[in-house]
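So the protein lines, in turn, are chains A and B.
Each position in the first sequence, counted from 1, maps to that position plus 1155 in the numbering used here.
Each position in the second sequence, counted from 1, maps to that position plus 1155 in the numbering used here.
Some hints here could point you the wrong way.
Any copy, or any two copies together, can satisfy a pair, since identical chains are not distinguished.
What the hints assert, rightly or not - Below are the DSSO-like pairs computed for lysine-lysine, each with C-alpha atoms no more than 30 Å apart in a straight line:
{"#": "1", "residue 1": "2010", "residue 2": "1981"}
{"#": "2", "residue 1": "1659", "residue 2": "1777"}
{"#": "3", "residue 1": "1911", "residue 2": "1981"}
{"#": "4", "residue 1": "1355", "residue 2": "1339"}
{"#": "5", "residue 1": "1688", "residue 2": "1161"}
{"#": "6", "residue 1": "1169", "residue 2": "1494"}
{"#": "7", "residue 1": "1906", "residue 2": "1839"}
{"#": "8", "residue 1": "1994", "residue 2": "1224"}
{"#": "9", "residue 1": "1333", "residue 2": "1361"}
{"#": "10", "residue 1": "1796", "residue 2": "1906"}
{"#": "11", "residue 1": "1994", "residue 2": "1981"}
{"#": "12", "residue 1": "1788", "residue 2": "1161"}
{"#": "13", "residue 1": "1284", "residue 2": "1822"}
{"#": "14", "residue 1": "1796", "residue 2": "1357"}
{"#": "15", "residue 1": "1357", "residue 2": "1224"}
{"#": "16", "residue 1": "1284", "residue 2": "1604"}
{"#": "17", "residue 1": "1906", "residue 2": "1390"}
No wet-lab data here; the hints were simulated from the structure.
Just so you know, these numbers come straight off a predicted model, no measurement behind them.
Number of protein chains: 2
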Amino acid sequence: MTETKKRVYCFGGKTAEGDGSMRELLGGKGANLAEMSKLGMPVPAGFTITTECCAEYYALGGGYSDELKAEVAQALAATEAIMGKKFGDKNDPLLVSCRSGARSSMPGMMDTILNIGLCSETIPGMIEKTGNPRFVYDAYRRLIMMYSDVVMEKAEGIEPADGQGIRQQLDRMMSELKDAKGYKSDTDITAEELKDLCDKFKVRVKEVLGVDFPDTAEAQLWGSIGGVFKSWNGKRAIAYRRIEKIPDDWGTAVNVQSMVFGNMGPTSATGVAFSRNPASGDNKFYGEWLINAQGEDVVAGIRTPNPLNEATKTEHNKHLESLETAMPEVYAELDGIRKRLEDHFHDMQDIEFTIQDKHLYMLQCRIGKRTGIAALQMAMDMLDEGMIDEKTAVMRVSPSQLDEILHPILDPASEKKAEVVAKGLPASPGGAVGTIVFTSEAAMDAAAKGLKTILIREETSPEDIEGMRASAGILTTRGGMTSHAALVARGWGKCCIVGCEAMKIDFDNKCVSFAGSDAVYHEGDWFSLNGAKGAVYATKLDTMDASENPLFVRFMSIVDKYRRLGIRTNADTPEDAQRALQFGAEGIGLFRIEHMFYGKNSETPLSKLRKMIMCNTEEERKAALLELEPFIKASVKATLKIMDGKPVVFRLLDPPLHEFVPKSEDKRAELASDLGISVEEVDKRGENLHEINPMMGHRGVRLHVTYPLIAETQYRAIFTASAELQQEGLHPMPEIMIPVTVSARELEFQKAHCEKIRLEVESQFHEEIHYHFGTMIEIPRAALTADRMARTAEFFSFGTNDLTQMTFGFSRDDVGTFMGDYLGNKILDADPFQTIDVKGVGRLVEHGITAGRSKRPELMCGICGEHGGDPDSISFFNRIGLDYVSCSPFRVPIARLAAAQAAIKQND
Amino acid sequence: MTETKKRVYCFGGKTAEGDGSMRELLGGKGANLAEMSKLGMPVPAGFTITTECCAEYYALGGGYSDELKAEVAQALAATEAIMGKKFGDKNDPLLVSCRSGARSSMPGMMDTILNIGLCSETIPGMIEKTGNPRFVYDAYRRLIMMYSDVVMEKAEGIEPADGQGIRQQLDRMMSELKDAKGYKSDTDITAEELKDLCDKFKVRVKEVLGVDFPDTAEAQLWGSIGGVFKSWNGKRAIAYRRIEKIPDDWGTAVNVQSMVFGNMGPTSATGVAFSRNPASGDNKFYGEWLINAQGEDVVAGIRTPNPLNEATKTEHNKHLESLETAMPEVYAELDGIRKRLEDHFHDMQDIEFTIQDKHLYMLQCRIGKRTGIAALQMAMDMLDEGMIDEKTAVMRVSPSQLDEILHPILDPASEKKAEVVAKGLPASPGGAVGTIVFTSEAAMDAAAKGLKTILIREETSPEDIEGMRASAGILTTRGGMTSHAALVARGWGKCCIVGCEAMKIDFDNKCVSFAGSDAVYHEGDWFSLNGAKGAVYATKLDTMDASENPLFVRFMSIVDKYRRLGIRTNADTPEDAQRALQFGAEGIGLFRIEHMFYGKNSETPLSKLRKMIMCNTEEERKAALLELEPFIKASVKATLKIMDGKPVVFRLLDPPLHEFVPKSEDKRAELASDLGISVEEVDKRGENLHEINPMMGHRGVRLHVTYPLIAETQYRAIFTASAELQQEGLHPMPEIMIPVTVSARELEFQKAHCEKIRLEVESQFHEEIHYHFGTMIEIPRAALTADRMARTAEFFSFGTNDLTQMTFGFSRDDVGTFMGDYLGNKILDADPFQTIDVKGVGRLVEHGITAGRSKRPELMCGICGEHGGDPDSISFFNRIGLDYVSCSPFRVPIARLAAAQAAIKQND
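Given the sequences, and given the hints that come with them, work out the whole structure.
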């Protein structure tokens, strides 16, 4: 076997073998370390083991090829040469870190091991060299804690029965030591005590995990590399990938890098920074640092960190010294790097740095995560600064970030009157209102019931991911703006306040109180959060939406320049139509006749529809339809009026009739009296309408084939509304859509009835009525026979909800029983009801368009299923040449953006 | 508009403008009249108006083009020239008949008008010429009766409110006249009385229909032509076409032919004959004739007709004189024509003839309808006679005729012991057992409930079509072997006895008795018919099947030489497998695991399956499966043993689990005690299994993804059965089929479990187990992604039942509510659950095969839905390259024949 691929890429010493373009091979972190090295920035030397080696590792059943071993040895030698130290050397040992790095960032999801290389043989030399035994043993205890947790326990798939893993046990041992000695801080522990603690740690590790802690630098290094590879398939990482839709086969790279220490004393420090404010988008250098600390101390959120500079100090940290004043030269150097990185990457950067004895080292840079509002602000600022062009600006705001911007904020008026019970760090903006819960499980349970919650935690950990996802907002006692909770919430655009130190949580009694007040709040009480201010309210406030932001309006006008797809909306009432127009809808893609009977404010009485449905004779039905017609006409007319000059697709009555059979006793009695029959007769007629598989039953056009009068009533209502509006000088554009079609002849049959009614109404009003006649394509056979359909249909609207049901044979009502197993066993990558199934359903849609246009080149093709508001699906629809998508009013801006991004990507 | 198409084709005088190949244009009757003329046979001159003129007639809104009028005038002149008479002439008028003639015969479905041209102006000359006023007025009263019925009433769409049409009224007037005069026969009525009757007829016609009876030859001719065209869209004709699947747009031709008269006295006669016996297939000239009668008298079955020759006399008509002895020269000429026709057409001919004053005229010849057994007999005889080749012989028996042969006859043993209550004419063979009914409606009502009936009528009329279709057998008092009832029943292969003159029906009291007995039988009593003997039994006899006929066996061996498609069977028990083997099945295409729990004789207790389904924990389920496994294995093993050396496809448990939840109180109690839980708990667990659309719910492979243990139990049962049989020296060929698949990954997931179990069983038995692993393709997405499926699947079996459900979105359970409207409004040509929908479902099947074989060229493709036994569908499956079809055991011979016919047609 002659393999020539390169497995290891070195960086450091102001040069590198890789570069920033090699994300797939080196992972994001490795690629950027190489890029920073190439840019001449102070990066501690090291090397990256490629993502391909991750697959190789699994293919070898968890082993390393000889080629990899040789390349690692070579790269280690190069690193030693640059750093002037030797790994495992007795006198002046080089220590290294080992970090994962996938193509796309997975914050907190995978693992890091620091201080690799400390062992019985190297510790004495290290002490001699640093003259700081406390520092060395502190580093060693960190190594033991991280290594035993990541490599010896998690990577081996050991699941502690009581949830108390080795890491928790070692943490507790250290806490107990501090308690026993009365120490408040870790730094109070002496060198001797740390040395002793390390010995005890190793004993405990052996007891719990049954293996000795490795005592050679070499063993630690290879153990760590394997641990990182294995962390790719850890439970947390898999859960995260599922949510973020990251493919399982990408794998992670491993970055082995020389250690530099931010915890070597008061001239050392470590920090995290963003080149602009990741929450607001302000063009100010923004970050946090801790003196005499290692990086994990900042990220873990255990100590409240210092502000980076004077300009970004807040109420909350104004008493802490900034790096700008504490170490002005280092700050100046860092600020210069910030500018060079933005100029180089044309985007906001998320930076990790360490200061070892006043020397600045760059440990990482990557594109920074940001809130929706920050993404919008930065995109428009950078466009104005000339840093990026319009297309790039459009691509800089993701549809989910836009969604976040459109999410409600607390209504300022209602907020003004409310009392702030506490303040924390404004980690992720927006407003959240919900009842408080104290565990992820409770948040998930409530979400399953459709309830909104505020998740309250001391600090969050990756184990809390699903609960955070399920909650409306997150509130933590500890952590900074770059803590786990803050990073994750910001990524999702979820309202989050961290570091609310006044909050006292009593997990046992599931209640919370705030310093300076006797009030106690229990699980189930309402809280409201203002994520932009960090304000906590112990009450239920009103919310409002932020979509009238002028920045948003300007951004959307740029977005519209680049999209090809039209955007319509699914609206069944004049109110919905009005809202959708404000959001930029260009027409109504789906007006469901039956929905006018559902709304609470509806003028159209459901009882009249019920009466029509429960008729037993042609005569009864005629009479009932005659009663119904004016209501349908009024609703149709009001919507056509609002949408004047824009197309409105009216879909004929679609659901199985038995859905309208009243269930409650009084409604049944009312109906019986209305129809002049007994309740038993009502029940009997209802029973006759029962179907075993209603989704595939007597519905849609099938009803109208059986009862042409029902169709004719709807045609007449639509045409009469149009004629009246024309006489008022308006320009109604009705489009009539036949649902559940399976055969071209159904359409011909309906068209004949429809034309008959049109001619009647035209001669009644002396008005020429223009309309389009088309069909839903929502049954596989309709897509398969689209060429024949297009002979009669002037437009197609793909009903991808039903099309997905029939193509998969999945009932949306019942799919819950096995969808979890299908996603869990990776049989499906995504729920096909959320994101269009390109290989199956998508193929039918594509065939339908092609076949339809082969017979009618000008055929208008749209889609009106849930997928019309899903960005991934919109990208597919753009590619296959759909004319428009139609989605709910609130999704319209997101669809506009997704359509623009799809068009830009396609033309790239 | 320059139209050059010819609208009218002349025949007669031993030549013709058309010929026998022009069925589409001239209709069957017209084409054969032309062919007979060309063969020099004595055909009364006339002309045929083409089927295209029928469409033209409708296109012109019921009118005639100038071109047609001119061509008819020309053709009429040519006819007059040959016959030496003039139409409408005062002195020697030519009379003509007007008959419909479609491409394919529709016996009794469309109308005929005779004696056209008799009117005030021509009657005196006619009387003078014939010297027979009685004959002339009898002809005139027939004209009035037929014309007023066909042209003036039915063609105008007039529906008499009380069901008493003009024909019935005129009939009654004639009966009243006979009663008043004490006449027994029509022939007793005098010329004067007939003349008077004709006048009264015309008054009644005017009263009832509001129009004068036309009194010019020209008006009668064009009225008749229009009447024939209109009869194409008469209710009876449409109903017949629906049953026989004749397209509506074919249209009918009109044959206008010089009248010859069989009723001009004792040297005149009329008759109907078959060149071989249409009931048995015997190679004997067979027919019926009536002296001094018009053709309609024979067909209408009013008089019991005479036998044609001595050789075919029966018990029933041996007392009547044969044509052979009555008019030996005419018989000899007719017999010569019979031979020439068979030699010319290479098939059995159905002939109509008239003898006018000892001159023979041929009025019609066409391929004769025959029973299944006759078709088989004739095909094999003609093959042996060298008249046809093997392929033609195979094509000569239709699948439905074969079906008829396979239908039961009365068990001779049981018949021997029973008393014959009456005998009639053996019009159509086979045995029928059912309860007696007296109306078509009652037969249809009973059929809708799945009950078998014997329909008892005086004689049948086209109005009875649907009731005849619905009944198991037909018994009439009147009519001969060529009466309506006989022709129709034979066409359908339905048991029928006609002319049972001993039978007295009391329609008012819905009962029947027989001459010479006091016994009275009421609606609901059981009768049995032997259609081959004409024997009627007033009791319920046993039946048996006729498929062990040696002629059948020889025929099937020829059939098998020509087919390409393999034929398997759907069998779930050893008994079914055994039966299917006898019928020629080459393997089992579908063994449904769950069906072993359904059979009444099943050894496999349903209660154990129920227990497994209602389990709540993994442990309970494991235990229940362990109990179930030996039963599954035993059933699988017994079937594999019978099918030794032939493939058997086992389909994993498929239906939604809730189907197995017991409904009855005692079963629920039994299950509760079995599971050690309360009945309430049983009900609750059952409720949890309820689904809104079970057809698209948690079933098929979805169950096995959720509960891999259920799949593994089945795999183990199959492999263990195989291993044991191998150790017994047999060669089991199991094939494992995964149902309801939508994704290739489901297959991979199942294959992994399956292989695991195979390895376990192999090492347990030290036997190498061979099997094939495949999938149902029954969900549209499976067909759409067949290329990916074929990576794992070694075979596909198209489940066209479910595929039709999902492709149409038609639930088979609910489709009854609208299928009638879909067929009635011609939105669908056929029920897609009976005959494959080529344009939609067929397209998916074709795509599935092509895509699957693109990845795996040797992929075995079969089909196991209902369509596997449907000849039209088999023809499609042959064309698209399926490897085999699988159908129920009884359909296997039919599938073999359909497959051979499809192959022969395709290679033509």
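30 Å Cα cut-off: does residue 1994 pair with residue 1981 within a copy, between copies, both or neither?
within (16 Å within a copy, 34 Å between copies)
Is it within, between, both or neither when you check residue 1788 against residue 1161 at 30 Å Cα-Cα?
neither (72 Å within a copy, 55 Å between copies)
At 30 Å max between alpha carbons, let me know whether residue 1911 reaches residue 1981 within a copy, between copies, both or neither.
between (53 Å within a copy, 19 Å between copies)
For the identical chains here, do residue 1994 and residue 1224 meet the 30 Å Cα criterion within one copy, between copies, both, or neither?
Answer is neither; intra-copy 41 Å and inter-copy 61 Å both fail.
For residue 1796 and residue 1906, with the copy left unspecified, which applies at a CA distance of at most 30 Å: within, between, both, or neither?
The answer is within: 25 Å in one copy meets 30 Å, while 59 Å across copies does not.
Evaluate residue 1355 and residue 1339 at a C-alpha cut-off of 30 Å and name the case that applies: within, between, both or neither.
Within one copy only: 21 Å inside, 128 Å across.
Could you place residue 1796 and residue 1357 in one of the four classes (within, between, both, neither) given a Cα distance threshold of 30 Å?
Classified as neither; 78 Å inside a copy, 65 Å across copies.
Within, between, both or neither: how does the pair residue 1906, residue 1390 come out at a Cα-Cα threshold of 30 Å?
between (56 Å within a copy, 25 Å between copies)
My question is about residue 1284 and residue 1822: at a cut-off of 30 Å on alpha-carbon distance, are they close within one copy, between copies, both, or neither?
neither (88 Å within a copy, 84 Å between copies)
Homo-oligomer pair classification [residue 1494, residue 1169; C-alpha up to 30 Å]
Intra 18 Å, inter 108 Å, cutoff 30 Å: intra-copy only.
Please work out whether the CA atoms of residue 1284 and residue 1604 approach to 30 Å or closer within one copy, between two copies, in both situations, or in neither?
neither (61 Å within a copy, 99 Å between copies)
Reference check for the pair residue 2010 and residue 1981, CA-CA at most 30 Å: within, between, both, or neither?
between (40 Å within a copy, 23 Å between copies)
In summary, the structure is inconsistent with hints 2, 5, 7, 8, 12, 13, 14, 16 from the numbered list given earlier, while agreeing with the others.
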